[in-house]
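Asks: Here are the chains, one letter per residue:
Number of protein chains: 2
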Amino acid sequence: MNLPIDAIKTHLTDGFDQSVKRLSDLLRIPSIGTDPDYNTQTVEAANWLVQQLADLGFDADLKATAGQPAVVAHHPGPGGEGPRILYYGHYDVQPAEPLDLWTTPPFEPVIVDGPRGKRIVARGAVDNKGQSMMFIEAFRAWKNVYGTLPVAVTVFLEGEEESGSPSLDGFLRAHKHELQADICVVSDTNMWDIDTPALGIMLRGLLYLEVTLQGPSQDLHSGLYGGAVPNPLNILGKILGDLHDEHGRVQIPGFYDDLVDLGDLDQVWQNLAFDEAAFLQNAGLSQSIGEAGYSTLQRIWSRPTCDINGIIGGYTGAGAKTVIPEKAMAKLSCRLVPGQNAANIKDGFRTFLEARLPAGCRYELDELGAAPALMVSTDSPYLKAAETALRDVFDRAPILVGMGGSIPAVGAIREHLGIESILMGFGLDDDRVHAPDEKFELRCFQNGMLSHAVLLAKLAGADA
Amino acid sequence: MNLPIDAIKTHLTDGFDQSVKRLSDLLRIPSIGTDPDYNTQTVEAANWLVQQLADLGFDADLKATAGQPAVVAHHPGPGGEGPRILYYGHYDVQPAEPLDLWTTPPFEPVIVDGPRGKRIVARGAVDNKGQSMMFIEAFRAWKNVYGTLPVAVTVFLEGEEESGSPSLDGFLRAHKHELQADICVVSDTNMWDIDTPALGIMLRGLLYLEVTLQGPSQDLHSGLYGGAVPNPLNILGKILGDLHDEHGRVQIPGFYDDLVDLGDLDQVWQNLAFDEAAFLQNAGLSQSIGEAGYSTLQRIWSRPTCDINGIIGGYTGAGAKTVIPEKAMAKLSCRLVPGQNAANIKDGFRTFLEARLPAGCRYELDELGAAPALMVSTDSPYLKAAETALRDVFDRAPILVGMGGSIPAVGAIREHLGIESILMGFGLDDDRVHAPDEKFELRCFQNGMLSHAVLLAKLAGADA
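Chains A and B, in that order, are what the protein sequence lines are. Numbered continuously in the numbering used here, the first sequence closes out at residue 468. Numbered continuously in the numbering used here, the second sequence closes out at residue 468.
Quick caveat, the hints were computed from the structure, so don't treat them as lab data. Each hint should be verified, as a subset may be incorrect.
Note: identical chains are not told apart, hence a pair may lie in one copy or across any two.
[Said to hold, decoys possible] List of simulated lysine to aspartate or glutamate pairs, EDC-like, C-alpha gap at most 20 Å:
id, residue 1, residue 2
1, Lys350, Glu112
2, Lys242, Glu214
3, Lys147, Asp261
4, Lys25, Asp249
5, Lys325, Glu48
6, Lys25, Glu112
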């Protein structure tokens with residue numbers, strides 16, 4: 005299909021107030037999926053979405069999972085050849101507490117004026133009801149103007165994202181065939197700024213380890229034994245203290261061996277204008293530190309890290325206790341980048357640890373999580389389609405961004421369905437996600453709908 | 005005075021059963037000073053001792069403190085020139101729990117046969133009623149045989165040793181003049197073995213520090229910030245990991261600068277036969293580690309150390325949390341040896357810490373305790389007197405030993421009264437101090453009495 009897009013855009017613009025009204029209807033349903041007291045409302049939101057999609061010609065259904073149900077809906081598109089696009093989102097929201105910090109009730113959406121125009125304020129305004137409604141409104145525009153969607157679409161909206169998606173892996177495995185598609189589109193990320201769209205193309209992976217050292221068989225008095233026995237805290241300090249060299253490079257053997265060359269991206273991210281001061285201010289800091297030779301954006305997007313996440317051992321109450329503890333424990337995690345293999349890094353850490361372990365000190369090493377980095381190939385025709393769509397709407401090229409942390413659904417979809425995700429989101433950094441007075445700029449909502457509408461047309465012509 | 009000692013020895017030997025009986029009378033009083041329910045019995049034990057000392061011609065009194073009362077008693081000795089000797093001990097005992105692990109009731113002393121002869125079993129048998137009764141019985145022998153003591157004596161027995169001596173400093177300050185003496189004698193330590201006496205001549209001191217690092221102003225997500233901000237746990241690991249070099253030497257600047265040359269002792273302790281296997285077995289270990297070039301005894305007696313006593317920071321519960329914590333805290337302590345100054349070491353640690361602190365990371369450093377090492381000069385005439393007395397009774401020279409930890413009373417007496425202590429104790433390592441079936445070998449009790457009786461004569465002739 006190759007139908008003019010202008011009519012779609014006009015339809016969306018003319019009907020914008022109705023789109024906002026529908027989003028408001030959804031926001032009024034307190035689908036706090038994390039709280040069993042709200043199970044009825046959570047299912048109500050899911051059913052509302054099933055009805056919306058059914059009205060647009062989808063074969064829509066509410067599917068049971070081990071936890072909150074999933075909305076799954078299929079549209080055949082115009083028929084004939086062409087890819088199938090999977091849209092992922094979630095209809096559950098975070099609890100609204102602390103309620104007294106909200107200016108207006110969290111489940112009574114209001115439109116208020118802000119410095120960048122009107123915005124809608126409610127729990128879920130952006131995360132993720134607003135972002136999900138953007139593509140649903142884009143589907144509606146296509147249906148209303150041309151009677152069908154330009155491409156085959158499957159929608160999958162989960163109800164447990166804010167609970168850590170405990171049923172996601174099982175559901176994807178069980179519905180692997182039904183959810184099969186060529187590419188996934190996710191709207192759960194942010195723009196570069198309100199005028200500049202962004203596409204997420206790299207997500208760092210994770211290796212999370214817990215190490216416990218055991219020295220003596222019981223706590224010892226440091227006067228009687230100090231100086232002559234292995235102190236697990238001293239040894240843990242030595243191991244952890246050696247993790248980075250003076251240039252901030254991780255010293256685990258082989259850590260950097262298999263890193264993929266990022267090509268142009270490396271230079272782009274090195275030089276990308278970035279409001280580092282604002283980034284640091286959010287953390288109460290005035291200076292960035294990290295691996296020498298890299299910009300802050302590179303350090304958080306494309307460089308692997310090793311951070312200690314927790315340590316405990318010995319006496320930690322008030323005052324002094326002269327103890328040599330029998331045990332000490334640390335949790336640490338590496339953010340992984342493309343090319344790094346979690347199993348190899350874990351082996352490397354074991355070698356690193358054992359090289360620093362004196363006689364008489366034993367250890368246990370547990371893996372508490374491992375996921376590889378994810379990267380969308382910059383040659384992907386779907387990514388190109390998204391770039392073109394965004395350029396069309398915003399009249400400027402999107403910034404290709406990395407993301408320091410993982411998005412579990414993207415990893416799970418990659419693992420179980422074998423497909424990549426286009427991360428095209430329209431949030432802003434100041435949207436107060438998970439916090440009181442969560443908001444979504446109406447300008448972002450409108451541009452998001454338009455971008456999704458154009459993307460549908462572009463995807464119709466794309467093929468891997 | 006220069007009176008024959010043999011008559012005293014004979015008197016003590018002939019009257020040994022009576023000495024044991026008096027010790028048993030004292031052991032029957034459950035003076036559990038740590039437990040307010042036993043306050044009546046605690047005071048009863050103190051009064052029993054006041055009466056014993058009064059019967060021996062002492063001007064004896066029970067003095068109030070902020071807590072349990074103190075026994076203070078003075079004997080003028082024979083008059084004329086000569087030193088005054090302060091005897092320190094304590095009449096309070098540890099609680100007896102767990103009671104079901106005692107073979108016989110803890111406050112019903114019994115004489116039982118052991119592999120090394122008869123022993124008396126009861127709470128306080130050795131710690132410290134048995135050891136205190138040794139010098140009281142020696143006083144009695146002198147009184148009975150010669151009508152007086154050969155030297156001026158002050159006795160100070162506290163009732164809060166097992167509670168950490170909370171009133172000791174205040175009491176010593178308030179009674180500084182009354183307790184003034186030339187040397188203090190303490191019987192609260194062990195022999196080398198049942199045939200070989202020991203004199204403690206060195207006690208390591210202590211510097212206890214707590215350091216808190218603050219990086220970001222709140223906990224951060226390691227995905228969003230990891231790699232670009234100071235992680236207080238990473239930095240703490242670096243600081244603590246650098247504390248020792250590969251030879252086990254402490255790297256705090258100036259740490260070893262002012263160490264006193266121990267002369268012959270160094271060689272003696274290097275070569276002293278020591279049952280290291282048994283020492284390690286108590287700690288569940290099979291191998292000693294520590295500063296290169298030193299024996300285990302040197303490492304715990306005469307070498308300074310730095311041990312981390314506690315660390316806490318970040319997430320320490322079950323499972324994984326990808327947090328960069330805002331704060332991390334460590335407690336660490338240095339055992340100090342003669343020549344080291346706690347204030348200088350603390351300054352050195354501050355320098356060491358600041359050299360490893362990246363921009364944007366703040367710290368707090370608190371001192372939770374500081375006490376210098378204590379050493380009895382090997383030239384001290386009082387130490388010579390004790391050596392001579394022990395050689396006389398045991399027919400072999402005592403071993404001059406170090407002690408890895410401090411004895412608070414010895415430090416307090418040094419600080420407030422300005423005098424050294426002779427540490428002449430007759431316990432054995434297997435006496436089960438603070439544990440069920442605490443015992444004291446009667447052979448040790450008898451040799452201890454004889455040694456104290458001879459020591460009184462030798463001290464009469466000693467003068468600094």
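Asks: Against the structure, test the hints numbered earlier, and report the numbers of the ones violated in rising order.
Replies: 1, 3, 4 and 5
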